[in-house]
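Novice: These are the residues of each chain, in order.
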Amino acid sequence: MTRYVMVADLRRCVGCQTCTAACKEGNGTPPGVQWRRVLDLESGTYPNVHRVFVPVGCQHCANPPCLEVCPSTATRQRPDGIVTIDYDLCIGCSYCIMACPYDARSLVDRTHYAFGDTPTPAEAARVHHQTSGVATKCTFCAKRIDAGVARGLVPGTDPEATPLCVNSCISGALSFGDIDDPAGPVAELLAENQWFRMHESEGTEPGFYYIWDKGTL
Amino acid sequence: MSQPIASRRQSYWDLRAAGNFIGGGSGAGLVVMAALAALAGAPFRLALALGLAGVLLGLSLVWLEIGKPWRALNVFFHPRTSWMTREGIVASLLFPAGLAASLMASPAATSLAALLAGGFLYCQARILRAARGIPAWRQAEIVPLILATGLAEGSGLYLLVGTATTAAIGCALLAALAREAAWRAYRAGLAGTQLAAPSLAVFDSPAARGARAAQVAAVALMVLALVAARLAPEVSASLGVAAGALAAGGGWGLKALLITRAAFTRPVAIPAMPMRGSSDARAWRTSRS
Chain G
0 MTRYVMVADL RRCVGCQTCT AACKEGNGTP PGVQWRRVLD LESGTYPNVH RVFVPVGCQH
60 CANPPCLEVC PSTATRQRPD GIVTIDYDLC IGCSYCIMAC PYDARSLVDR THYAFGDTPT
120 PAEAARVHHQ TSGVATKCTF CAKRIDAGVA RGLVPGTDPE ATPLCVNSCI SGALSFGDID
180 DPAGPVAELL AENQWFRMHE SEGTEPGFYY IWDKGTL
Chain H
0 MSQPIASRRQ SYWDLRAAGN FIGGGSGAGL VVMAALAALA GAPFRLALAL GLAGVLLGLS
60 LVWLEIGKPW RALNVFFHPR TSWMTREGIV ASLLFPAGLA ASLMASPAAT SLAALLAGGF
120 LYCQARILRA ARGIPAWRQA EIVPLILATG LAEGSGLYLL VGTATTAAIG CALLAALARE
180 AAWRAYRAGL AGTQLAAPSL AVFDSPAARG ARAAQVAAVA LMVLALVAAR LAPEVSASLG
240 VAAGALAAGG GWGLKALLIT RAAFTRPVAI PAMPMRGSSD ARAWRTSRS
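If you read the protein sequences in the order shown, they are chains G and H. If you read the first sequence in numbering that gives the first Met the number 0, its first letter stands for residue 0, the second for the next number, and so on. If you read the second sequence in numbering that gives the first Met the number 0, its first letter stands for residue 0, the second for the next number, and so on.
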């Protein structure tokens, strides 16, 4: 059984936002919408101040609250764990946005561009009109994965079958793969390091792991 | 480049969505009161019609809010788990049941309409409860609060559009007291979480205090109206009407705040800070091999 997950090594992330830019470039999201974000968290008081960069986005939960509330069945879950949105079914009620504990979903009422009503050539090439008025979120680059798998490539290992944010990460902080493959990169990373998942108490079983130290749990 | 890390006020559900909870809640409460009036042999058709109109108005406002209004019928596709779908199904049954109750005026028909109105109100409460990204809504105490608020608003409206009899004022008082208890339980529950500080600040704002003052004043006026019914019957109905207006208006105000102003997202929280400098080369090789 395949279960795709993403791993963010918080020790490595430098907060460069390259993953954010790669996602935006590849998926053509409108201004104000970022499926992959990197939060800049600070804690403590001087001189004992800590700073950490936390990549966030759809956690592709095993028990997604968004799927439960969606009235149109537009939100679905694939057998490999990827949570998807059918843009042709979604009614744009935003209920899934309210149900997501990770603030990972967005909705824009109409197509708009960075500089007014006229798209730049880059925007014109990537604009997706069917995503106006419906909920959108990170897809783990599902189309890219599917196309890669169809060619016999391995997601997380072969760049052509790996999410854009992972490919673009300059520090190797982001990893992707099948957690059920014991020999795969993700399973090995999680076995050798201490990790947590966001809002674990929610019982959502996120498919997004954060490594924070070496050693096993 | 910094990103917001604290709670963010949701901006997707505005006054149109609040209008569904206001119109639907008040309308459903009014249908329940109309059914009680019908069972008691009192005039009920105007209240019933206005109650159904309130529900319809609320749903119409939601229709105006959704991104793809011409796909609205897709809302019926997920009854297995979605309370929004269930709300739509119950509403679609409520209107014919209400029409039948108005035409037949039989106890069975009016009871069915009241049952469906109660079900509609319950669905609305569960819609908020299932919104797990909004701490102010996901509280378990939101369910009795929305139920009691709907009944308090509906019974308050009945005092305006029906006859402010002693029995009607008594029903409205019971509903208003239930709302008081539900509100206190909700506030206490919210205060017990670590995530609701911004919502509690909204509930302490002048606007929220005004709405709460109207609700408390409604209770006081209802008590006065019941006392006046014995001492000065000619003023009892007037007091009842004023109390009804305050009960409904106070509920609407607080609901508008609950949906549009007090709804903050859950903040990001990480249980462990990274131990920098300890990332081993093996992990690097693994992730890039």
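Rather than coming from a laboratory, the hints here were simulated on the basis of the structure. All C-beta atoms, glycine included, are put in the ideal place defined by N, C-alpha and C. Any given hint could turn out to be false.
To be verified - Examples of chain G residues toward chain H, derived with CB under 10 Å:
(1) 21
(2) 45
(3) 46
Claimed, not checked - 25 Å max Cα-Cα, derived SDA-like pairs, lysine to any residue:
(4) G:213 - G:182
(5) H:67 - G:213
(6) H:67 - G:32
(7) H:67 - G:182
Said to hold, decoys possible - With beta-carbon atoms standing in for the labels, derived distance ranges:
(8) G:195 - H:192: 17 to 23 Å
(9) H:79 - G:150: 54 to 60 Å
(10) G:114 - H:266: 31 to 37 Å
(11) H:55 - G:113: 39 to 45 Å
(12) G:142 - H:212: 35 to 41 Å
(13) G:85 - H:55: 26 to 32 Å
Novice: Hint numbers the structure violates, sorted upward?
Specialist: The structure conflicts with hints 1, 2, 3, 5, 7, 9 and 12, although it agrees with all the remaining ones.
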